[in-house]
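Peer 1: So my numbering is basically just the index in the sequence shown, starting at one, shifted up by 12.
Quick caveat, the hints were computed from the structure, so don't treat them as lab data. Hints may contain errors.
Label pairs and their in silico Cβ distance ranges [claimed, not checked]:
| id | residue 1 | residue 2 | range |
| --- | --- | --- | --- |
| 1 | 139 | 199 | 31 to 37 Å |
| 2 | 276 | 76 | 33 to 39 Å |
| 3 | 109 | 261 | 15 to 21 Å |
| 4 | 142 | 245 | 31 to 37 Å |
| 5 | 80 | 27 | 31 to 37 Å |
| 6 | 51 | 29 | 18 to 24 Å |
| 7 | 275 | 62 | 43 to 49 Å |
Virtual Cβ for every residue (Gly too), placed ideally from N, Cα, C.
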Amino acid sequence: LENELQKQHQYDGVAFVHQCPLQNAKGSNRQEIRFRVVDGPGLFWYHSHTGLSAVDGIFGPLIIRPPRSATRREAAANGLLAEIDKEFVVLFGDWYHSTSGALGFAAGRPFDTRKADAETGAYGWVDLPQSVLINGRGIFQDCALGGPVDNSTTCAPLPVGSVPPGRNRLNAFSVPANPGCSRTNFTVTAGKRYLFRLLNVGSLTDASLCFGGHDSVTVVSADGAPVEPFEVRAKEPGTGRGACVEVNLAQRIGVVVEAGREPGSAHWVTAAPHFRAGAPNGYAVLR
Numbered sequence: 013l014e015n016e017l018q019k020q021h022q023y024d025g026v027a028f029v030h031q032c033p034l035q036n037a038k039g040s041n042r043q044e045i046r047f048r049v050v051d052g053p054g055l056f057w058y059h060s061h062t063g064l065s066a067v068d069g070i071f072g073p074l075i076i077r078p079p080r081s082a083t084r085r086e087a088a089a090n091g092l093l094a095e096i097d098k099e100f101v102v103l104f105g106d107w108y109h110s111t112s113g114a115l116g117f118a119a120g121r122p123f124d125t126r127k128a129d130a131e132t133g134a135y136g137w138v139d140l141p142q143s144v145l146i147n148g149r150g151i152f153q154d155c156a157l158g159g160p161v162d163n164s165t166t167c168a169p170l171p172v173g174s175v176p177p178g179r180n181r182l183n184a185f186s187v188p189a190n191p192g193c194s195r196t197n198f199t200v201t202a203g204k205r206y207l208f209r210l211l212n213v214g215s216l217t218d219a220s221l222c223f224g225g226h227d228s229v230t231v232v233s234a235d236g237a238p239v240e241p242f243e244v245r246a247k248e249p250g251t252g253r254g255a256c257v258e259v260n261l262a263q264r265i266g267v268v269v270e271a272g273r274e275p276g277s278a279h280w281v282t283a284a285p286h287f288r289a290g291a292p293n294g295y296a297v298l299r
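Work the whole structure out from these sequences, hints included.
Peer 2: Structural data, given as C-alpha cells:
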C-alpha cells in the first residue's frame, strides 16, 4: 500500500488514514515529500496531525513567494507589496500547561446532555489557557485576568519592557536552567511600511491582533490570497489601543503597518482572545 501511494503521490500526512506514522527510532525513520506549489503566493503553514500534537507546538509558517521572474507590479498584485520595507511573520495562539493528550481526553469525553448549556452544548470543554504566546514567547499571568474581550486590551500589563530574570513574583516558576521569560520584540523604523503576516496557530481561541499606538492598518491578504486592500481603524482613536484585526483559528491575514513617527517609542502588540471570559491576553512589543 505504501509503495502504491508513493507512486500515486497521494500522501496527505494523516497518520492511520493514508499512511502509518513515522516511528521515533533514532535516525532510521525519515520521509521526504516533494510537491508542486500550485497555490499562493502567500502565507500558509504546516503542523503535525497525529492526535492533537499540533497543540504541543509542532507547527511552523510556510511562505510561498512569487516566481523570481515576476515583476514588482506582479508581486504587488499577489499580495507581496513592492513598497514595503520589511516583513514579520507573527504566530500567536493559546498555550496550556497540560499536554495535548490530557486536553484531548477532557474534550473527547462522551456527550452528557444533562450538562448541556447554551455556550458549549454537551461538549466536554477544556479549561482556559494559561497564556497566549506570540512567536513562542510570553509571560505566565502577564496581567490580571480580564473579562470578555471586544477588540481591545482589557487588562493592563507591566510597563513596556522586559521582566527581570530569576525567581520573582512575575517568574514564579523560574529555575537556573530557565532563568526567565520574555516577550517577542518587533523593531521598526519610524515612517516605514511593514508587512505583518498574522497566523493564529491556537487550538481553541479566536483572537484579535491589535497594534498599539497605530490608529489604522491596511489588510492586503487573507488565507494565502491577496485581497483588495482596505483600511481597518481603531475603535477608540487616540487612546493608544490601536487598530485590531480579528484572526480565527488557522486563519492567515496580511496587514501593512506604517510605523509611527516617534523614534524611541514602544507600543504593545496585543493578542486579545474572544468568547472565552477570563482568558489572558498575549503581548509582544513594537519598538
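Peer 1: All hints, please: hold or fail.
Peer 2: So, going through the hints one by one against the coordinates:
Remark: the range hint 31 to 37 Å for residue 139 to residue 199 is upheld by a beta-carbon distance near 35 Å. In this structure the supplied range 33 to 39 Å holds for residue 276 paired with residue 76, their Cβ-Cβ distance being about 36 Å. Restraint check, residue 109 to residue 261: a C-beta distance of roughly 20 Å satisfies the suggested window 15 to 21 Å. Take residue 142 and residue 245: their Cβ atoms lie about 33 Å apart, and the range 31 to 37 Å holds.
Taken as a hint, the range 31 to 37 Å holds for the pair residue 80 and residue 27, whose Cβ atoms sit roughly 36 Å apart. For the pair residue 51 and residue 29, the beta carbons lie near 22 Å from each other, so the given range of 18 to 24 Å is met. As the Cβ distance of residue 275 to residue 62 is approximately 48 Å, the hint placing it in 43 to 49 Å holds.
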